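Line by line, the protein sequences are chains A and B. Straight run, no breaks: the first sequence in the numbering used here ends on number 251. Straight run, no breaks: the second sequence in the numbering used here ends on number 287.
What the hints contain is simulated information worked out from the structure, not anything from laboratory work. Misleading hints may appear alongside valid ones.
[Claimed, not checked] Derived pair list, reagent style DSS-like, types lysine-lysine, alpha-carbon separation capped at 25 angstroms: (1) A:K229 with B:K182; (2) A:K230 with B:K182; (3) A:K155 with A:K229.
As the structure is a computational prediction, the values presented were derived from the model and not from experiment.
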Amino acid sequence: MTSSSDLQQQDLVVFEDRSILPKSDPDHNYCTLVLYKASTRPTWLNVALVENSLFGTCYVNKTPISDRSTAPVVFASLSVDETTYRKQLARLKGDLAGFKYVDLFNSYQDWYTKISLEVDRQSKLDKPNVFIENPEFLLFLTDITVDKLLAQLRKLNTKCNLYLISSSDESLMEYSDSPDDLATVHATFLTKLAHRTSLILSLRPLRTGRAEDVTGELTIGRGLIGSPKKIVEREYLYLINKEGTVKLFYR
Amino acid sequence: MSSVNSATVLLNRVLSLKEASPLLLVLDSVIQSSYFFQQELIHKAKSESVPITYLSFETLDRPEVDELVLCDELSPEQIIAKVGKNTKQLVIIDSINYIPENQLNSFLRGIISPTTVVCATYHTSIPQVSAPGCQNMPTAIQRLLFMATTVFELRPANSSLTDDELEVASHKLEIPVGIANKPIFEAKMIYRRKSGRALEYAFTIDTLTHEYQVKQQNVAEGDDAELLENLTTFNLTTTQKQKLAREQVDLPFLQAQQSLGAVGGAIVYEFEKDDDYDEDDPYEDPF
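Chain B on its own, in the form it takes in the complex (with noise of 0.2 angstroms):
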């Protein structure tokens, strides 16, 4: 219960910019957008007074930010100087795909700061293909999840449909009707530590209500057991008693670790009563 109600926590600080990931890359499709996501974070945003820069690829209506670039005429370059980097602020880009492949490394440098916090995200159903003489290189994707310190992946929620379904309408361009773009989807969550480690969790997020719910793993309990059942003459599964059993028993580790491990590094030795062991005699070490 602990983790899950941690998980919430941790989305939210995310959102509201309170936890330290100043690359929040949105992964999303035709079938799930990430309209309404930007929508969330800006309300977030709004909600902890922090200065919102917009920069606009593909965005037509101004959306409720203090400050919007139309970046569909501007290089790289000019995108980077209009973007302040005094005070600590959310940079959001509607579609980081504009980018050149060759320029993008230089231009996520040149916006993310200290005080900047960049959300930006990536449409995977735009065909992916190498400018000339690249081709050996990361592709746009594998770059931006290298850097990224945060990662959402968007899904339609509730759907019937499994991946490879959803994968292929969003390829032919047939949008499921009244599935997708929803205010209502899945965010899977990649979030990495500054240590290193990756925790990922999966959201349902209602950007009507701004609630958040962990999506809970499908983990079908007891399927081994059921796999063995009938399958030989033989008794291959275990019954709830032996399971009991099982469980009770004290694995050595936890035990080394209850009293012989608590002193910090020491090395101790207990003495067996088998042990011949002379205390005058200064040579005798029992190591």
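Okay, chain A solo, but in the shape it has when bound (with noise of 0.2 angstroms):
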């Protein structure tokens, strides 16, 4: 049986020319669907995301990235701190002025204001990429609809490219009949949004139960419109070592 130790470490590829986000391209605004499950947090993922934007490389790939592009953050998470995130950055020993986290943690009123102000100001630089951790949470925060909270993203959507991270847990795919039922909300949320995505990354833990040596698989595939660049569609077993450190295997 083969385990992760006898595979050969892989760089992360999201599109056809190696790169991990896509080039500022003044006539596309990309949507990105990152799915998670809750034994799979993505935070690895939004930092390696976030260092390929400000930096143009990525700390989970042992080839260098060649040709670098870089372009300011705007992050904005409902369910983790600024903290969680800066000490993680700050690994990279970077120059984190392109980074602005919005803190929807502590007040998610005005969400929509925050952001747009934030990514009005870093447009004067570049495009920035704008991520947001959990915006479903705002269904039930707020007195927001589905169809509403759609539409201000995609109002924020036409000015940025925007990355959406979203837990896909089972318990919350399981929808019933009940308009209020929270997995149905949550789901109409989810399925609504992946209708506009050109991108979608899943973390997932193993089919096959627990491994000691594989944290779990990542997904990428190509979101339901089109992507004007062409992406790699691939499988990846990832591991989380005990330093932090994250190695991808092909699957």
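Can you join these two chains into the complex? Each is in its own frame, and there are hints to help.
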């Protein structure tokens, strides 16, 4: 039986030109969905994507990225505080001036205005990459409806590339006939959102059970609308070590 | 062979808006979205110089259409007001799921006109929930299926996964890598004629080359005979010679059509040798 220690470590590649985040394109704004399960939290992947946007590098990859491009990052999270991300990014020893954290963790009121203002500010430099972690929480914390939230996200997407990080845990996808059921609202939001994305990254645990040397699977798949840049569809196994380093292997 | 040709001709005519079919309903899922189907329809309509109005509830990038209406902040009445009805046109709705269920009929009635062809996509992966007080009404999908004149059901091409496996993957939002949302896909088409007769075909649509192929149904011939083999000590199967002989037997209704029924609706009586018929007797009527 093959274990991850026998396999060769691979680089994270999303697009055919071996890039991870697309270069700034004036004609197209990408909408990417990052899905995760309860046992495969995406913090490591978020940090890798933010790093790639800020510095053009990726701490997961062994091979240096030759064609680097950078863009400012606006990061808004409803589930993880600023310190966690700042701590992770500080290890990369780069200038974090281009990283703007919008605190929705402590105050989610006026979320749209807060993010929008930051996006407008960063847009003066370059088109920013905007990450929103757990936007679905707004459906349960405020009285916003699914369609209204999607409309506001679309408005935001007209100004920037959008990365939406959401949980697709099975318990949240088992919807019922009741329109107010938490799972029904969550599944409706995620499915409608998926129909707007051009790239879907998913993190999930191994289907065959637990393993010492594999934390989970990362899949890179096409979204439901076309992407101007060709996506390399692939499945990886990943391992997060105790020191926080991440290794990827082809499945 | 002729039915294969006529199927692709029919699909071409429907997509080129030459066939009288005012409401095209596209049923898609997260496994195979209607994005590429819409691109194909736009390509066909443009080659026929038909003006296109695109009603966008979720599309961000403007497709190559004549008019784009951003609908996510408009009411159904406002959307209807923005769709013109004077000339022949194609109206594409990127997702009909966003129209409230109780306004669906009036919305479609407001858009459809003798000069308009509407192509509406319905995302089947989105949970179907009836609004309070509407539980006993037909669901949106049931009503759309009733109203549609042509229905396209999309699924990935060359997928090794069964329909049930695709359904589970769609439900869990675990989209299979390398299979889903490709520009080459399968479409099951149900075309409803005015007479009420429905034609059903399955196609593989290649939106890169704009070629359509009728999907061959895997009809397992001779399966029955194989099942009967070695089942009992009796011979339950037929030999090749017996099969040929059986095929050459003319069934009585075929013979009847050849001669007797040729005169439309007339009752034809053929005398047999034992019949006693007197021509001079005016009251003798064989009937």
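Handout entry: Contradicted hints - numbers only
Key = Checked against the structure, no hint fails, so every one of them is satisfied.
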